[in-house]
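Since the structure of chain A is provided, determine the placement of chain B on it from the hints.
Going line by line, the protein sequences match chains A and B.
Counted from 1, the first sequence has number 20 at position 20 by the working numbering; the numbering is strictly sequential.
Counted from 1, the second sequence has number 16 at position 16 by the working numbering; the numbering is strictly sequential.
Hints are computed from structural coordinates only; laboratory data are not their basis.
Please note that the accuracy of each hint is not assured.
[Unchecked claim] Keeping only pairs whose Cα atoms sit at most 30 Å apart, straight-line, the calculated DSSO-like set for lysine-lysine is:
hint, chain 1, residue 1, chain 2, residue 2
1, B, Lys-114, B, Lys-42
2, A, Lys-112, A, Lys-153
3, B, Lys-112, B, Lys-153
4, B, Lys-42, B, Lys-116
5, A, Lys-153, A, Lys-116
6, B, Lys-42, B, Lys-135
7, A, Lys-153, B, Lys-116
8, B, Lys-153, A, Lys-93
9, B, Lys-153, B, Lys-116
10, B, Lys-112, A, Lys-135
11, B, Lys-153, A, Lys-116
12, A, Lys-153, A, Lys-93
13, B, Lys-93, A, Lys-93
14, A, Lys-93, A, Lys-119
Only a predicted model underlies this, so the values are computations on that prediction, with no experimental measurement involved.
2 protein chains.
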Amino acid sequence: MKPSTFVLLLLATLFATPAFAADQKSATGADLLVQLEADFAKAVAEHGHAAFVTYFADDGVELEEGGGIATRDAIRQQPAWPEGTSLTWTPVKADMSASGDLGYTYGNYVFKSKDKEGKPVTYCGKYTSIWKKQKDGSWKVVVDMGNSSPAPK
Amino acid sequence: MKPSTFVLLLLATLFATPAFAADQKSATGADLLVQLEADFAKAVAEHGHAAFVTYFADDGVELEEGGGIATRDAIRQQPAWPEGTSLTWTPVKADMSASGDLGYTYGNYVFKSKDKEGKPVTYCGKYTSIWKKQKDGSWKVVVDMGNSSPAPK
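Chain A extracted, bound-state conformation (with noise of 0.2 Å):
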């Protein structure tokens, strides 16, 4: 059963708040991003496809595997994940600017989750997260994309 439009935009409504956000670190430059991926990580391991959204900025997009280019009003139009999906992702590299203002971490995800008839499926991925700083000193991510890896052996 797929959530209403309404249920999914009130839990965005709802998980919209600082304690998601991506607040200002103390960390900078590459060590920031690290930190930026792990707590953007941690809330979607807790919370789904509701927190997920949340990382992104205004203008942010997602280049969707086998999809568009989706906005961030697309992305909180998405089907809310099966229960007991998962999503992680661990950075290879992290590189910023130096201005320290846009940066970019590339690494390796794993997505689990069910198929239609219910059978528990994982796909191997790599995956490019952009991050600006917005004007609010937030960090949000401006572009996120990812694609597949072979099975693992």
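Showing chain B alone in chain A's frame:
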């Protein structure tokens, strides 16, 4: 027939000249990034994979769809594209850090080639390129990633 690694390395060496490299430009900010992408695309249109690899930084990587995280050496050792292959791409957005040393573009690509039976195939997808100004003032790609889009109707 796959060209030998020797031939690939020879080609890569021949083509790794300033004629291909993304030199310092008069444009700045997002305009510079769009210009870099246009130069990059032109070089690839004219010289294929041999030009592709010369646009990567020493520590640049390609996050290969269905593959791994390829270093520049690994990219260099990829088989050359079959005769008649073309890769074109169009930025949808470009953004630069305040310090003007790190930026990105994302957009759409079209890859036309031939399958194992020699039949023409077309893949449509999206890409993200992250560019970083190098110590010598040139601009190189530090991350290149692509994923698939739905086939055009």
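A quick look at each hint next to the structure:
no.	hint	in the structure
1	Lys-114(B) x Lys-42(B)	holds, 21 Å
2	Lys-112(A) x Lys-153(A)	holds, 17 Å
3	Lys-112(B) x Lys-153(B)	holds, 17 Å
4	Lys-42(B) x Lys-116(B)	holds, 27 Å
5	Lys-153(A) x Lys-116(A)	holds, 24 Å
6	Lys-42(B) x Lys-135(B)	holds, 24 Å
7	Lys-153(A) x Lys-116(B)	holds, 26 Å
8	Lys-153(B) x Lys-93(A)	violated, 38 Å
9	Lys-153(B) x Lys-116(B)	holds, 24 Å
10	Lys-112(B) x Lys-135(A)	violated, 41 Å
11	Lys-153(B) x Lys-116(A)	holds, 26 Å
12	Lys-153(A) x Lys-93(A)	holds, 24 Å
13	Lys-93(B) x Lys-93(A)	holds, 23 Å
14	Lys-93(A) x Lys-119(A)	violated, 33 Å
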